[in-house]
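Undergrad: These are the residues of each chain, in order.
Number of protein chains: 2
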Amino acid sequence: MSTPYVEMSKEQLEKEYSIIKEEYNNYKSKNLSLDMSRGKPSPDQLDLSLPMMDILTGTSDYQTDIDCRNYGGPQGIKEAKKLMADMMSVDPDNIIIFGNSSLNVMYDIVATAFVKGIMGNTPWSKLDKVKFLCPVPGYDRHFAITEYFGVEMISIPMTEDGPDMDLVAEYVNNDESVKGMWCVPMYSNPLGTTYSDETVRKIAALKPAAKDFRIIWDNAYCVHHIYEDKQDSLLDIFAECDKCGNSDMVYMLASTSKITFPGSGISALATSANNIKDVMSRVTWQTIGHDKINQLRHVRFLKDLDGIRIHMAKHADLIRPKFELVLDILDKELGDLNIGTWKKPNGGYFISFDSMDGCAKSIVSKAKEAGVVMTGAGATYPYHNDPKDSNIRIAPTYPSLEELSIAAKLFTVCVKLVSLEKLLNI
Amino acid sequence: MSTPYVEMSKEQLEKEYSIIKEEYNNYKSKNLSLDMSRGKPSPDQLDLSLPMMDILTGTSDYQTDIDCRNYGGPQGIKEAKKLMADMMSVDPDNIIIFGNSSLNVMYDIVATAFVKGIMGNTPWSKLDKVKFLCPVPGYDRHFAITEYFGVEMISIPMTEDGPDMDLVAEYVNNDESVKGMWCVPMYSNPLGTTYSDETVRKIAALKPAAKDFRIIWDNAYCVHHIYEDKQDSLLDIFAECDKCGNSDMVYMLASTSKITFPGSGISALATSANNIKDVMSRVTWQTIGHDKINQLRHVRFLKDLDGIRIHMAKHADLIRPKFELVLDILDKELGDLNIGTWKKPNGGYFISFDSMDGCAKSIVSKAKEAGVVMTGAGATYPYHNDPKDSNIRIAPTYPSLEELSIAAKLFTVCVKLVSLEKLLNI
Chain Y
1 MSTPYVEMSK EQLEKEYSII KEEYNNYKSK NLSLDMSRGK PSPDQLDLSL
51 PMMDILTGTS DYQTDIDCRN YGGPQGIKEA KKLMADMMSV DPDNIIIFGN
101 SSLNVMYDIV ATAFVKGIMG NTPWSKLDKV KFLCPVPGYD RHFAITEYFG
151 VEMISIPMTE DGPDMDLVAE YVNNDESVKG MWCVPMYSNP LGTTYSDETV
201 RKIAALKPAA KDFRIIWDNA YCVHHIYEDK QDSLLDIFAE CDKCGNSDMV
251 YMLASTSKIT FPGSGISALA TSANNIKDVM SRVTWQTIGH DKINQLRHVR
301 FLKDLDGIRI HMAKHADLIR PKFELVLDIL DKELGDLNIG TWKKPNGGYF
351 ISFDSMDGCA KSIVSKAKEA GVVMTGAGAT YPYHNDPKDS NIRIAPTYPS
401 LEELSIAAKL FTVCVKLVSL EKLLNI
Chain W
1 MSTPYVEMSK EQLEKEYSII KEEYNNYKSK NLSLDMSRGK PSPDQLDLSL
51 PMMDILTGTS DYQTDIDCRN YGGPQGIKEA KKLMADMMSV DPDNIIIFGN
101 SSLNVMYDIV ATAFVKGIMG NTPWSKLDKV KFLCPVPGYD RHFAITEYFG
151 VEMISIPMTE DGPDMDLVAE YVNNDESVKG MWCVPMYSNP LGTTYSDETV
201 RKIAALKPAA KDFRIIWDNA YCVHHIYEDK QDSLLDIFAE CDKCGNSDMV
251 YMLASTSKIT FPGSGISALA TSANNIKDVM SRVTWQTIGH DKINQLRHVR
301 FLKDLDGIRI HMAKHADLIR PKFELVLDIL DKELGDLNIG TWKKPNGGYF
351 ISFDSMDGCA KSIVSKAKEA GVVMTGAGAT YPYHNDPKDS NIRIAPTYPS
401 LEELSIAAKL FTVCVKLVSL EKLLNI
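So the sequences go chain by chain: Y and W. The opening residue of the first sequence carries number 1 in the numbering used here; numbering runs sequentially from there. The opening residue of the second sequence carries number 1 in the numbering used here; numbering runs sequentially from there.
Any given hint could be a false lead.
Claimed, not checked - Example chain Y residues on the side facing chain W (calculated, C-beta under 7 Å, incomplete):
1. 66
2. 70
3. 71
4. 264
5. 293
By construction, these hints were calculated from the structure, which means they are not laboratory data. Where is the CB? At the ideal position from N, CA and C, for every residue including glycine.
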């Protein structure tokens with residue numbers, strides 16, 4: 001058992017500081033070059049999908065409800081709609097298959113709301129003020145889209161059950177300029193939190209002041225479990241919305257980016273018939289169709305929801321040791337020191353770490369100085385502004401176990417170093 | 001030699017009408033179902049690219065300047081930039097590789113101009129009026145994009161050399177609300193016209209009243225020759241623009257949609273360094289990258305510009321007989337009758353036909369009634385409004401030669417029928 005830093009005398013702290021400082025300098029002298037910054041699958045995870053590249057050949061049959069090789073089919077081929085619908089627990093009629101990037105689909109939803117409006121409502125570009133609720137910590141690329149369009153972003157603290165719903169309801173139900181909310185409802189980025197049934201019900205029961213209020217329900221990690229025996233589950237948002245007369249309130253997104261190949265997967269939007277019609281009224285002018293050969297490739301490789309589950313279990317086998325390694329190192333190195341807290345998620349791609357207030361930027365900076373790139377401190381908040389300067393997102397999937405062991409240990413050294421500097425007023 | 005209809009007496013016309021009417025009714029009784037409406041490659045053209053599906057397998061090397069299987073590379077992989085740059089006669093630094101649809105790239109350019117503005121200029125959504133010049137007849141899907149965004153479209157007549165440049169200059173140089181012009185400069189859709197060197201020079205020498213005036217130079221048919229010995233060539237618009245201080249005026253688009261597989265190809269934007277920077281400042285928020293595996297597949301299959309030329313010659317061998325068949329039938333059936341004119345293009349995907357004024361809609365409608373779908377009359381004009389109601393776009397590539405022979409003959413019967421009805425005031 002180590003003594004928590006706050007219980008140490010000045011002399012003890014100074015002694016500890018000189019030890020940690022030396023440890024840190026040792027790491028620095030190693031000229032490391034490691035990366036724990038982005039939620040990227042590792043090369044061995046990508047290898048899992050290499051057999052997909054043998055699925056379609058020069059002699060394959062490319063005919064489905066349409067010749068997949070030619071123009072057409074802007075809503076996607078029937079088989080791909082079925083596959084993605086099963087994965088997203090919706091009806092295939094409520095699906096549009098898009099290209100390789102669900103982020104692009106979300107961008108287009110916001111862009112179209114600005115320039116054309118949603119379902120005949122006033123385009124957001126004509127309004128004085130457009131606001132989005134942003135559960136924090138959250139996904140930097142969500143916030144980047146709304147920042148790009150000049151949306152005012154309001155941080156909503158995350159609880160163990162999801163976003164603070166009292167606060168959400170206060171904004172959504174009373175402020176007509178609140179037009180949207182970003183959500184990663186399952187294994188959230190970066191916390192790994194899955195919204196509780198009660199939270200989902202409360203979201204569905206919102207009474208938005210704005211007719212065109214929409215929730216972007218980015219179900220990016222819907223099948224991305226880490227454990228076989230500990231799996232979160234998420235309530236069906238559409239069924240709950242239907243009960244509350246909010247059938248058109250949610251756009252759900254998912255993709256195969258972290259199932260097969262990031263950048264060469266397929267993405268899908270699931271939403272109400274009204275929204276499908278509204279979105280297709282844009283898509284029709286935007287493209288003659290997305291990549292149907294890649295849709296077919298995915299369908300023939302993954303087959304069905306069982307196929308996806310089997311494939312995701314292989315990912316889990318590669319990811320699990322990495323999460324456990326980092327969590328073990330955090331426990332061992334920081335467990336008793338009371339200078340940080342972290343979550344143990346059951347799925348997703350991140351470990352969310354909270355340092356003592358005012359330390360995150362320095363920790364990330366120290367890690368970088370010693371050759372380990374972390375996600376920029378503040379990135380998990382709108383405008384990169386973490387008011388407490390405490391949240392750090394750890395992405396353990398990309399490095400090898402060996403690299404990760406070094407990177408995670410160095411990280412804990414940086415946490416100790418910066419915490420000691422704070423306590424010692426250095 | 002047949003007698004031109006206008007030189008016929010009323011009796012002769014009536015006699016001819018009863019013959020043609022019977023001929024038309026014979027076709028109707030055949031219950032045909034043929035399609036000459038869209039510029040789609042035929043299945044045998046698609047077969048030419050089937051070997052591309054054997055290029056990448058589970059044991060291929062996916063490493064280029066980046067692991068093509070993972071996230072990243074929003075501007076495209078180096079090899080794909082080189083390939084598309086060579087095809088578009090520009091420097092690879094001036095290229096961004098996008099997804100499967102150049103139409104989508106054009107849509108995004110217009111959408112972004114509306115919501116964010118081009119290079120810091122006022123977003124078009126904040127302006128009272130935005131106008132685009134539309135050379136006519138032109139591509140319906142271009143016009144559809146600007147119509148969707150509420151742009152006022154101004155028709156510019158096409159000459160043998162390209163758009164009427166006196167008219168273009170008058171608008172562009174004097175009206176600040178003229179923000180853009182659609183161009184298909186080579187083997188234009190539907191005329192098959194390639195802009196003359198003088199036209200390209202005049203375009204480059206425009207002195208736009210609007211700082212953010214942009215030409216969308218859709219070079220969709222840049223390698224799409226029909227003949228080996230008769231090939232149009234297009235002057236380098238960028239070199240000419242540079243000479244005139246208009247380096248940022250042109251966005252050039254191209255894709256492999258009609259080289260490999262429509263819907264599963266790759267597209268590219270070629271433009272100035274300033275425009276690249278401006279466009280990337282959006283793309284960065286829009287996506288983590290386009291499909292790099294498909295980029296790699298295309299590079300390894302097509303190899304280089306010579307590879308593209310060899311592949312396009314195979315397409316030409318399949319397309320040429322179809323163009324010649326239709327042109328022969330038009331010559332034989334309508335050559336002497338003075339009831340229509342048409343072009344004999346050296347490339348592209350269309351034959352443009354002009355009927356007597358006021359007959360196009362009826363001709364297309366009669367053809368449809370007899371089971372042959374043509375592109376809707378008027379589609380080649382903004383707002384589907386062909387003021388003379390005379391232009392019809394014939395797309396000969398998709399049907400088989402046998403089908404095409406029937407469809408083209410029926411088309412000439414419809415032209416005769418409707419022309420006779422006009423002359424006889426029926």
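Undergrad: Which of the listed hints are broken here?
TA: 1
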